[in-house]
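Q: Starting from two chains that each stand alone, build the complex the way the hints lay out.
Those sequence lines, one after another, are chains L and P.
Residue numbering for the first sequence is 54 to 779, as defined by the working numbering.
Residue numbering for the second sequence is 65 to 184, as defined by the working numbering.
Keep in mind that a hint or two might mislead.
Label-pair ranges, simulated between beta-carbon atoms [unchecked claim]:
{"hint": "1", "chain 1": "L", "residue 1": "Asp136", "chain 2": "P", "residue 2": "Gln133", "range": "44 to 50 Å"}
{"hint": "2", "chain 1": "P", "residue 1": "Glu102", "chain 2": "L", "residue 2": "Ile721", "range": "52 to 58 Å"}
{"hint": "3", "chain 1": "P", "residue 1": "Gln128", "chain 2": "L", "residue 2": "Leu274", "range": "45 to 51 Å"}
{"hint": "4", "chain 1": "L", "residue 1": "Pro740", "chain 2": "P", "residue 2": "Glu102", "range": "54 to 60 Å"}
{"hint": "5", "chain 1": "P", "residue 1": "Pro171", "chain 2": "L", "residue 2": "Val66", "range": "17 to 23 Å"}
{"hint": "6", "chain 1": "P", "residue 1": "Glu102", "chain 2": "L", "residue 2": "Thr655", "range": "43 to 49 Å"}
{"hint": "7", "chain 1": "L", "residue 1": "Glu70", "chain 2": "P", "residue 2": "Gln128", "range": "24 to 30 Å"}
{"hint": "8", "chain 1": "L", "residue 1": "Val386", "chain 2": "P", "residue 2": "Glu102", "range": "21 to 27 Å"}
{"hint": "9", "chain 1": "L", "residue 1": "Asp55", "chain 2": "P", "residue 2": "Gln133", "range": "35 to 41 Å"}
{"hint": "10", "chain 1": "L", "residue 1": "Arg132", "chain 2": "P", "residue 2": "Gln128", "range": "20 to 26 Å"}
{"hint": "11", "chain 1": "L", "residue 1": "Gln244", "chain 2": "P", "residue 2": "Glu102", "range": "21 to 27 Å"}
{"hint": "12", "chain 1": "L", "residue 1": "Arg435", "chain 2": "P", "residue 2": "Lys173", "range": "52 to 58 Å"}
Think about it this way: if two alpha-carbon atoms lie no more than 35 Å apart in a straight line, the pair counts; the simulated DSBU-like pairs of lysine-lysine are [claimed, not checked]:
{"hint": "13", "chain 1": "L", "residue 1": "Lys275", "chain 2": "P", "residue 2": "Lys132"}
{"hint": "14", "chain 1": "L", "residue 1": "Lys517", "chain 2": "L", "residue 2": "Lys470"}
{"hint": "15", "chain 1": "L", "residue 1": "Lys167", "chain 2": "L", "residue 2": "Lys145"}
{"hint": "16", "chain 1": "L", "residue 1": "Lys61", "chain 2": "L", "residue 2": "Lys450"}
{"hint": "17", "chain 1": "P", "residue 1": "Lys173", "chain 2": "L", "residue 2": "Lys240"}
{"hint": "18", "chain 1": "L", "residue 1": "Lys470", "chain 2": "L", "residue 2": "Lys145"}
{"hint": "19", "chain 1": "P", "residue 1": "Lys173", "chain 2": "L", "residue 2": "Lys61"}
{"hint": "20", "chain 1": "L", "residue 1": "Lys557", "chain 2": "L", "residue 2": "Lys167"}
{"hint": "21", "chain 1": "L", "residue 1": "Lys484", "chain 2": "L", "residue 2": "Lys470"}
{"hint": "22", "chain 1": "L", "residue 1": "Lys240", "chain 2": "P", "residue 2": "Lys132"}
{"hint": "23", "chain 1": "P", "residue 1": "Lys173", "chain 2": "L", "residue 2": "Lys316"}
Just so you know, the hints here were simulated from the structure itself, not pulled from any lab data.
In this text the structure is predicted, and so the values were computed from the model without any measurement.
The beta-carbon is built from N, C-alpha and C at its ideal position, and this holds for glycine as well.
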Amino acid sequence: MDPMAEIKASFFVECSELLESLEEGLLQVQGGDTDPETVNAVFRAVHSIKGGAGAFGLDDLVHFAHRFETVLDEVRSDRLAIDADAVLLFLKSADSLSDLVAAARDETPVDEAKNTVVIAELETLMPGGGDTNETSNDADQELNFAPMTLSLDLPAIGSQVDADIGEVTDEAAATTPVWTIRFTTEKGLNQSGNEPLFLMRALAELGPVTAICDTADLPSLKVLDPSQTNLHWDLTLSADTSQTDIEEVFEFAQGLCTLAITKNTSDQSTPDTADIEALPDLPDLPALPDLPAPSVDDQAPAQPATENTPHEAPKPPAPTPTKAAPVAATVRVDLERIDRLVNLVGELVINQAMLSQSLSAQNLTSNTTISTGLDEFQQLTRDIQDSVMAIRAQPVKPLFQRMSRIVREAAHDTHKKVRLVLEGEATEIDKTVIERLADPLTHMIRNAVDHGLETPEKREQSDKDPEGTIHLRATHRSGRVVIEIQDNGAGINRERVLSIAQSKGLVPTDAVLSDAEIDNLLFMPGFSTATEISNLSGRGVGMDVVKRAIQSLGGRISIQSTPGHGSTFSISLPLTLAVLDGMVIEVSEQTMVVPLSSIVETLTLADAEIQTLDQGTQVVHIRGKFVPLLDLAVEFGYRAPNVIPEDAVVLFISAEDGEPYALVVDTIHEQRQVVIKGLADSYGYVPGVAAATILGDGKIALILDPVDLIARAGSPDTPTALSMAG
Amino acid sequence: MNVLAVDDSRTIRNMVTLALTQAGITSQVAEDGVHGLEVLSQMAPDAIITDINMPRMDGFEFIQEVRKQDAYQGIPILVLTTESAQDMKLRARQAGATGWIVKPFDPAKLVGALRMVTGG
Numbered sequence: 054m055d056p057m058a059e060i061k062a063s064f065f066v067e068c069s070e071l072l073e074s075l076e077e078g079l080l081q082v083q084g085g086d087t088d089p090e091t092v093n094a095v096f097r098a099v100h101s102i103k104g105g106a107g108a109f110g111l112d113d114l115v116h117f118a119h120r121f122e123t124v125l126d127e128v129r130s131d132r133l134a135i136d137a138d139a140v141l142l143f144l145k146s147a148d149s150l151s152d153l154v155a156a157a158r159d160e161t162p163v164d165e166a167k168n169t170v171v172i173a174e175l176e177t178l179m180p181g182g183g184d185t186n187e188t189s190n191d192a193d194q195e196l197n198f199a200p201m202t203l204s205l206d207l208p209a210i211g212s213q214v215d216a217d218i219g220e221v222t223d224e225a226a227a228t229t230p231v232w233t234i235r236f237t238t239e240k241g242l243n244q245s246g247n248e249p250l251f252l253m254r255a256l257a258e259l260g261p262v263t264a265i266c267d268t269a270d271l272p273s274l275k276v277l278d279p280s281q282t283n284l285h286w287d288l289t290l291s292a293d294t295s296q297t298d299i300e301e302v303f304e305f306a307q308g309l310c311t312l313a314i315t316k317n318t319s320d321q322s323t324p325d326t327a328d329i330e331a332l333p334d335l336p337d338l339p340a341l342p343d344l345p346a347p348s349v350d351d352q353a354p355a356q357p358a359t360e361n362t363p364h365e366a367p368k369p370p371a372p373t374p375t376k377a378a379p380v381a382a383t384v385r386v387d388l389e390r391i392d393r394l395v396n397l398v399g400e401l402v403i404n405q406a407m408l409s410q411s412l413s414a415q416n417l418t419s420n421t422t423i424s425t426g427l428d429e430f431q432q433l434t435r436d437i438q439d440s441v442m443a444i445r446a447q448p449v450k451p452l453f454q455r456m457s458r459i460v461r462e463a464a465h466d467t468h469k470k471v472r473l474v475l476e477g478e479a480t481e482i483d484k485t486v487i488e489r490l491a492d493p494l495t496h497m498i499r500n501a502v503d504h505g506l507e508t509p510e511k512r513e514q515s516d517k518d519p520e521g522t523i524h525l526r527a528t529h530r531s532g533r534v535v536i537e538i539q540d541n542g543a544g545i546n547r548e549r550v551l552s553i554a555q556s557k558g559l560v561p562t563d564a565v566l567s568d569a570e571i572d573n574l575l576f577m578p579g580f581s582t583a584t585e586i587s588n589l590s591g592r593g594v595g596m597d598v599v600k601r602a603i604q605s606l607g608g609r610i611s612i613q614s615t616p617g618h619g620s621t622f623s624i625s626l627p628l629t630l631a632v633l634d635g636m637v638i639e640v641s642e643q644t645m646v647v648p649l650s651s652i653v654e655t656l657t658l659a660d661a662e663i664q665t666l667d668q669g670t671q672v673v674h675i676r677g678k679f680v681p682l683l684d685l686a687v688e689f690g691y692r693a694p695n696v697i698p699e700d701a702v703v704l705f706i707s708a709e710d711g712e713p714y715a716l717v718v719d720t721i722h723e724q725r726q727v728v729i730k731g732l733a734d735s736y737g738y739v740p741g742v743a744a745a746t747i748l749g750d751g752k753i754a755l756i757l758d759p760v761d762l763i764a765r766a767g768s769p770d771t772p773t774a775l776s777m778a779g
Numbered sequence: 065m066n067v068l069a070v071d072d073s074r075t076i077r078n079m080v081t082l083a084l085t086q087a088g089i090t091s092q093v094a095e096d097g098v099h100g101l102e103v104l105s106q107m108a109p110d111a112i113i114t115d116i117n118m119p120r121m122d123g124f125e126f127i128q129e130v131r132k133q134d135a136y137q138g139i140p141i142l143v144l145t146t147e148s149a150q151d152m153k154l155r156a157r158q159a160g161a162t163g164w165i166v167k168p169f170d171p172a173k174l175v176g177a178l179r180m181v182t183g184g
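Chain P with its partners taken away, still in its complex shape (with noise of 0.2 Å):
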């Protein structure tokens, strides 16, 4: 599986790879919405992990842009995210996300959401 996560927080980033790394799951990063519009049109990635606050492009745009693409008008975002507020996750969802992870996050958690959303 090969996964593209967004977060402007370096250390989100670095958790995250790290914990997809231990599962045996390859991923590239992006820093902010218009990084990771970058970085998707270079892969193709089986599933998305964004962070919502980020400059530049937020996560409800970021999501809104990726589904706009008929590739991947399907694929699984999971958001990341500290807020746990409900009309966060609300509009996470109007943007077309997949499905909502809490910061702090347990890598078994995510990697276990990654899993069942792809099907892997």
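Same shape as in the complex, but just chain L (with noise of 0.2 Å):
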């Protein structure tokens, strides 16, 4: 890759990365931070945006980041107060410069006028209507000092030469004007660390050079300053060049020298100091450390440079060596090399498995050095994996900071008042189920202000305050990450869904369903509780779609929700896509694996009491609790209804509502880490199957969803079933 499309590529990485610390940023200040390096953090992210932005020529952003980062250090410097509607056009600006950032990386066209609005809404914050100052003519303020005191008379000179050009004989001197610079040095000269000599080789670059020092200022050495150099150079430069190309030499010296140019005919070329020579027992300018070579010859045949000059090193020293590395605090690495190493890593699962299958037909399991030794391998190959995930593994903050903008959009769509509030933003998911969870996630926040929250006239009316709160959180639970979006608004109306459903065909009219059945109905296909299609709803996709996505990564989702209070969507989703413990267990003679985060205890049948309802259907009698039963071997058509064996293995399952469920195996053979290998891309979604393994035998076994089987196969009047048969 072209190094230049490599950083550029970079560059829009680390915008993300900076738009989210700036959006982080303002969040902190719309939540009352008034620490102020928080404003000045928002106001780096803006300017480095800038800054990158500049080097790619992106105009546009350059243009728009300047103007919100102008209006950022009137905040940051004090000068300008802001209330909650400022911080509000601050998050709108952030918007567009994340908008901005998304034009320039996929080269698409920018919204102008949208932009301009914002522009104009930013500069009349400023006192005075703001600064119009384009960042392009900074630029042109390139390697720019403080104007220098310069003593000179260029119109008069410039006519003495054109008087003198006709009289001179030689005809190369005629073509090269000769210049007089009297340079003198002041006092913070060598603090700032320039060094008169190489400003003189850098005008040698431009022709020869004479140097001449005028030492008459120089005090007796017992008094002598030695940060003040006390020292005038007469300098002699035959160049065919402009006066300004001369500043610009001594640029960075402004306002530490005074500079006296005028320019002469070749044959004036002596100036009127020139019987002042330079002394050789003049002070040494200050050193630098490990000056490379200087070659004031090489650029500047015809005349050297004073004799006495120091640090004439006649040869280069070796380049400093580069001692110990700074430490880099982070490594950039392909995707792709991560994914391959993870699938390494599935494949030592299954090959440890496999040895460890093969050990234990050969009854060599107990006791021997072998089996202790395969332990530690076991025990290395979960560490390896357990450190292969932690790669993958990225915190949610970004998804998280991405529906703070979503959150604001609806609210003015619908004319809502919305605070987001997120927690455990650190949790970390695998980098896959946090790209794909985006979708759903962007939905459900949508949902959540559309359709969870009440007008601010409306709360106001049941005594809430009118600004409504959604919570977004993540937190590690039981070996999954569980997402919550919690809002404070009304909570579901289930007469009226249960009233949609039913005119929708969904459910029979004459139905009594739970709360939680009724609450599931939202994750039914065709199910849209929208009277008329608003801005955010009517898109096409529901909350069937939404539950899909979530279930293709492994997730569950549920709903808890209480009139009046609001309702809370539970995503629940596994750590990494790669590899699950699994309890693997038997089904007729069929080997297949459930995973061991579903299941909450399991029970020979011996212990439980097996009761037939009336329908037939069959439950478990457990402490006081009577459990729905379901016989997988029935489910997968491999035995008649209500034939259980005897020493049947059952597994209590936690179902979406969190009601427990009794899976009946026949035996289960072990727990053990297994390797996903997705189906989805070959079969499509299979009711009740998340995907398969290999196990250590070589076989493939099926990794159930045991909660889609519940969810799909259990009695007849759960919602799930219904839409089946609608």
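A: Structure follows, in structure tokens:
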């Protein structure tokens, strides 16, 4: 890849990070954070985007960032006090900046009209209507220090030169003007790291230079102040150059020296000070450490610089050896490489399982060095796998922060006041999961604003804060990541949900449903509560699609809702899509895997009591509670209903609504880590089956999704079953 | 020549490194002033390029800290920043900066300025 293209690509990655910290900072300010460093960080984010964008000539981006930055600069310098509206405007500006970055990255057109409006709004904050400096002007001021004191009278000299040219006989000399420059160093030049010798060398790049040092002002050694050089240099330059070019050479010394530049003809090259020769006992100019080879003569063939100039090192010193390199905090790695590693670790897990299996087949499992070694191997495999997974894991923070914008826009569109509270942003999930979570989460957040929260007026009528709150939180819970979207709105209007479902024929009109069942109607295909299609809903994406997306990630979604107090949607996700801890079970001689995370408890049937209810439904009676029973063999069509073997085992599974279900299997073989091999690419969605795996004996086993099985195959009253029927 | 480049923007660090590498100049980078001082303690650069607006320790403070060290009292320090306001330049000068380059920078000018201030 072209190095610039590579840097550009990494610039856009950096932009995303900067936009995140920009938004984070603004949200902190919005939340009452008054730490000046927060505003500084906000400013720096915009500033860095501008800086990088300028390097790539992304003018739209530079222009906007500059305006935004100018206002933020006023804020951080305490010249501009901001209120809640201003912070909102900053957030809006951050959104526009984000759009501009995306447009620059994807090379798509920008919404100029919108940005112009935002810029205009930003400038109303500025005293006097804002800064009118364009950044492009700034760029022209490159290498620009304070204006220097110049004593020259250019027009007069210029006319003199014109007059002299005709009288010069030497043609070459006539075409090469001679400049005399009186260069007086002042206090502070040395401290600034500027070295007169180097300035003269740089001057010599324009043409041959003669330098004569005037030491007349040099005090005696007793009173000499080393920081003040007290030297004047009379420099003669023969070069067809401009005064500007000469001034540019002394650019960095501006304010630390005085310059008098005059232009003469070549035969007047001897300055007035020519009789004052440089003295050999001059105090040395301050030395720089490890100077590279100076070579005035290479660039200035005609006249050498002053004879006694220090540091005329004949040979270049060896390049400064690089000692211990600074510790790099991060390494950027192609995702592809990590995926390859993840796959290899997966194979390692399978290989280790196969070794265990063949060892146990030969009865070598107890107390042998081989088995001890294998145990260690197993532990190491697991450690490697955890480490590899940690590489793929990313905090949900960027994803969550994207939701702030969704909330802002949705609140604007629905004329609601909404505050988004993010919690547990540091929680890490597999990168792929995060990427595939963006769409469902966006939809759910929009729904929470659109359907969950009431209008400010309604909220006030219910004695609620007119500003609604949505909590978006991530937590680790028993080997899974749970993401909750909680609003403090009106809660699900179950009466309305039921009547809509009935009117659409999704449930029989005489059906009696529990609250949880009614809530779950929201996930049915074709269900939409929006009586009129608002700007946010009616986009053809329903909660059924959300649910499907979550399921395809090995996740589950559930709802808790309290009328008048709001609703909480919980998404439970596996930490990784690559491996899982599973229980290897057998059903009618078929080996299958049930994710360990979904199993609450296991029991042999002897401990449990099976009872058959009226409609032939079987339940397990345990600890005074009746738990619905599901025979896996029956579900998969391996045997007739109600013929459960005596020594069967029951796995208690927690269904989506939190209610336990009993899954009947024939035998439990072992608990083991299995590598997930997706089936979706080849077979699409298979009800009740999450994926497949390769076991230690090389056989393929299905990994079940018991919650999905229960939802689909449970009692005929469940909404999912109804959807299948309807 | 070996140069220490301090900038909180990864993009600018990459661009400076590229410009220097193409000119045959080796460089090391740091993310802010604090990091810059750490890196400086492990190398002996011939010149330093620094940004101004940085977290933890800004460019002004960084330059002052560098100048406090005997070994670096005379080291050329170029300020590389988007700020072109006069008072910013004066502040940089007061802190001990040698010169000033405004972003977006022309790689040739950056290298030229470096060669000039180091005499290389």
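Q: Could you tell me which of the numbered hints above are not met by this structure, giving the numbers in increasing order?
A: Hints 3, 6 and 20 not satisfied by this model.
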